[in-house]
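Chemist: Here the protein sequences come in this chain order: A and B. According to UniProt numbering, the residues represented by the first sequence are 1 to 180, in order. According to UniProt numbering, the residues represented by the second sequence are 1 to 66, in order.
The set of hints was computed from the structure by calculation and includes no laboratory data. Be aware that a few hints might be false.
[Unchecked claim] Using C-beta positions, here's what the derived DEER-type ranges look like:
id, chain 1, residue 1, chain 2, residue 2, range
1, A, Gly124, B, Lys21, 37 to 47 Å
2, B, Lys12, A, Arg91, 27 to 37 Å
3, A, Ile3, B, Asp42, 26 to 36 Å
4, B, Asp42, A, Ile36, 26 to 36 Å
5, A, Trp5, B, Lys12, 50 to 60 Å
6, B, Lys21, A, Gly29, 19 to 29 Å
7, A, Asp6, B, Lys21, 15 to 25 Å
8, B, Met1, A, Lys104, 28 to 38 Å
9, B, Ser40, A, Gln148, 55 to 65 Å
10, A, Lys104, B, Lys12, 42 to 52 Å
[What the hints assert, rightly or not] Pairs of lysine-lysine residues, derived as DSBU-like cross-links and limited to a Cα-Cα distance of at most 30 Å, are as follows:
id, chain 1, residue 1, chain 2, residue 2
11, B, Lys46, A, Lys114
12, B, Lys21, A, Lys8
13, A, Lys114, B, Lys12
14, A, Lys104, A, Lys114
15, A, Lys109, A, Lys11
16, A, Lys2, B, Lys21
17, B, Lys36, A, Lys109
18, A, Lys117, B, Lys36
19, A, Lys34, B, Lys12
20, A, Lys11, A, Lys34
21, B, Lys46, A, Lys2
22, A, Lys12, A, Lys117
23, A, Lys25, A, Lys4
24, A, Lys114, B, Lys36
25, B, Lys36, A, Lys8
26, A, Lys104, A, Lys34
27, B, Lys12, A, Lys117
28, B, Lys36, A, Lys104
29, A, Lys176, A, Lys34
30, A, Lys176, A, Lys25
31, A, Lys114, A, Lys34
32, B, Lys46, B, Lys36
33, A, Lys34, B, Lys36
34, B, Lys21, A, Lys12
35, A, Lys107, B, Lys12
36, B, Lys46, A, Lys12
37, A, Lys117, A, Lys34
38, B, Lys12, B, Lys46
39, A, Lys102, A, Lys117
40, A, Lys102, A, Lys34
Heads up, the beta-carbon is just placed ideally off N, CA and C, and yes, glycines get one too.
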Amino acid sequence: MKIKWDDKIIKKFFGIPGIIDERVKNEIGQNSIKTIIVLFVFEFLFVIGTFIYAASGLVDDFENFFYVSTLIQLLAISWIAVFFSMIPLRRLGLIDRETTDKNKPQKIKQIRLKWLKMLPLDFGSFWVINSLLDFSNRNFLTVLLNHQTIIEALIFTIFFSGIMYLWESHLIRVVKEDTF
Amino acid sequence: MNHVREYRRNLKLSQMTLAEKAGVARQTINLIENDKYNPSLDLCLKLAWILETDLNTLFWRENNED
Chain A
1 MKIKWDDKII KKFFGIPGII DERVKNEIGQ NSIKTIIVLF VFEFLFVIGT FIYAASGLVD
61 DFENFFYVST LIQLLAISWI AVFFSMIPLR RLGLIDRETT DKNKPQKIKQ IRLKWLKMLP
121 LDFGSFWVIN SLLDFSNRNF LTVLLNHQTI IEALIFTIFF SGIMYLWESH LIRVVKEDTF
Chain B
1 MNHVREYRRN LKLSQMTLAE KAGVARQTIN LIENDKYNPS LDLCLKLAWI LETDLNTLFW
61 RENNED
């Protein structure tokens with residue numbers, strides 16, 4: 001069955017391994033509405049709060065004020081998204097990787113292979129992004145071929161792939177054989 | 001209680017096979033069988049067709065039934 005492009009986006013964004021059917025869309029919709037409401041309330045109050053504080057004359061260092069407020073926003077938005085969207089989906093079992101007891105080792109092997117195959121792509125992506133985000137006025141190629149940049153990308157790739165492998169293995173849920 | 005599980009077992013289909021045929025997730029079939037999810041009319045019709053029966057037989061509930 002051909003998967004629609006919007007379903008593909010939902011699958012990738014929420015990390016749902018199975019079919020995006022009417023129930024899955026329903027659950028995602030309900031949780032997304034809650035997330036949007038909380039995000040809106042937070043953003044609204046936060047922006048009003050920071051505006052009043054900035055205009056009050058109590059701020060001496062606007063640069064630090066900017067860094068702190070954006071950091072708070074970043075952390076709060078991430079927390080709201082995880083707490084109101086990802087955790088409920090996890091509780092509903094929508095992001096579980098279902099398998100039978102017999103096929104569990106094979107499933108783990110599949111996940112390991114997937115992340116091993118992704119290694120070059122992860123490494124390349126992080127290597128290039130890390131080099132692009134270097135603001136030290138050095139030439140792009142100089143930064144790209146710098147051994148420190150390569151080592152940093154390598155360390156990130158190993159950690160990232162390892163964590164993702166462990167996370168996906170943790171999501172495996174064994175279901176009874178007769179249900180298959 | 002609906003009769004999806006009974007008809008599925010009669011046809012010797014697993015939840016996974018039925019889910020694949022209906023184009024839904026296995027968990028959705030499991031929830032329908034346990035009366036924890038109300039499927040859309042479209043899905044009900046699809047299930048009835050796959051399970052070689054009709055809507056009434058598959059989903060009809062007597063008044064005194066839970």
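Chemist: Give a verdict on every hint.
Modeler: Evaluated hints:
Between Gly124/A and Lys21/B, the C-beta spacing of about 41 Å keeps the proposed range 37 to 47 Å intact. The hint said 27 to 37 Å for the Cβ distance between Lys12/B and Arg91/A, and at roughly 33 Å that hint holds. Separation of Ile3/A from Asp42/B is about 18 Å and departs from the stated range, judged on CB atoms against 26 to 36 Å. Our hint of 26 to 36 Å for Asp42/B and Ile36/A holds, since their Cβ atoms are close to 27 Å apart.
Checked against the hint of 50 to 60 Å, the pair Trp5/A and Lys12/B fails, with Cβ atoms roughly 36 Å apart. Take Lys21/B and Gly29/A: their Cβ atoms lie about 25 Å apart, and the range 19 to 29 Å holds. Here the CB-CB span from Asp6/A to Lys21/B is close to 23 Å, well matched to the stated 15 to 25 Å. Checked against the hint of 28 to 38 Å, the C-beta distance between Met1/B and Lys104/A comes to roughly 32 Å, which is consistent with it.
Taken as a hint, the range 55 to 65 Å holds for the pair Ser40/B and Gln148/A, whose Cβ atoms sit roughly 56 Å apart. Distance hint check: the CB atoms of Lys104/A and Lys12/B are about 25 Å apart, inconsistent with the given range 42 to 52 Å. Distance check on the hinted pair: Lys46/B and Lys114/A sit about 34 Å apart at the alpha-carbon level, beyond 30 Å; violated. For the suggested pair Lys21/B and Lys8/A, the alpha carbons sit about 20 Å apart, so the restraint of at most 30 Å is met.
The straight-line distance between the Cα atoms of Lys114/A and Lys12/B is roughly 34 Å, outside the 30 Å bound, and the hint therefore fails. With a C-alpha separation of about 15 Å, the suggested pairing of Lys104/A with Lys114/A holds against the 30 Å cut-off. Taken as a hint, the Lys109/A and Lys11/A pair is honoured in the structure, with Cα atoms around 22 Å apart against an allowance of 30 Å. For the hint linking Lys2/A to Lys21/B, the alpha-carbon distance of about 14 Å falls within 30 Å, and the restraint holds.
The hinted pair formed by Lys36/B and Lys109/A fails the criterion: a straight-line CA distance of about 34 Å is larger than 30 Å. A C-alpha spacing of about 39 Å is found between Lys117/A and Lys36/B, which places the hinted pair above 30 Å, so the restraint is violated. Between Lys34/A and Lys12/B the CA atoms are separated by roughly 41 Å; this puts the pair beyond 30 Å, and the hint is violated. For the proposed pair Lys11/A and Lys34/A, the alpha carbon gap of about 19 Å is at most 30 Å, so the pair holds.
At roughly 18 Å between alpha-carbon atoms, Lys46/B and Lys2/A fall within 30 Å of each other, so this suggested pair holds. In summary, the hint linking Lys12/A to Lys117/A is supported, as the alpha carbons are separated by about 18 Å, within the 30 Å threshold. A C-alpha spacing of about 13 Å is found between Lys25/A and Lys4/A, which places the hinted pair at or below 30 Å, so the restraint holds. For the suggested pair Lys114/A and Lys36/B, the alpha carbons sit about 34 Å apart, so the restraint of at most 30 Å is broken.
Under the criterion of a C-alpha separation no larger than 30 Å, the hint pairing Lys36/B with Lys8/A is consistent with the structure, at around 26 Å. Of the pairs offered as hints, the one joining Lys104/A and Lys34/A is violated, with about 35 Å between alpha carbons and a cut-off of 30 Å exceeded. Straight-line distance between C-alpha atoms of Lys12/B and Lys117/A comes to about 38 Å, which puts the hinted pair past the 30 Å bound. Straight-line distance between C-alpha atoms of Lys36/B and Lys104/A comes to about 27 Å, which keeps the hinted pair within the 30 Å bound.
Our distance criterion of 30 Å between C-alpha atoms is broken by Lys176/A and Lys34/A, whose separation comes to about 33 Å. With a C-alpha separation of about 25 Å, the suggested pairing of Lys176/A with Lys25/A holds against the 30 Å cut-off. For the hint pairing Lys114/A with Lys34/A, the CA-to-CA distance comes to about 33 Å; that exceeds 30 Å, so the pair is violated. Restraint check for Lys46/B and Lys36/B: satisfied, since their Cα atoms lie roughly 18 Å apart, inside the 30 Å limit.
For the given pair, Lys34/A sits about 22 Å from Lys36/B by alpha-carbon distance, which is consistent with the 30 Å threshold. Taking the CA atoms of Lys21/B and Lys12/A, the gap is about 23 Å. The hint holds against a cut of 30 Å. Only pairs whose Cα atoms come within 30 Å are accepted, and Lys107/A paired with Lys12/B is accepted, the gap being roughly 25 Å. For a cut-off of 30 Å, the pair hint linking Lys46/B to Lys12/A stands: about 27 Å separates their Cα positions.
For the hint pairing Lys117/A with Lys34/A, the CA-to-CA distance comes to about 37 Å; that exceeds 30 Å, so the pair is violated. Restraint check for Lys12/B and Lys46/B: the C-alpha separation of about 18 Å stays at or below 30 Å, so the hint holds. Restraint check: the Cα-Cα separation between Lys102/A and Lys117/A comes to about 24 Å, which is no more than 30 Å; the hinted pair holds. Proposed proximity of Lys102/A and Lys34/A is contradicted: the alpha carbons are some 39 Å apart, above 30 Å.
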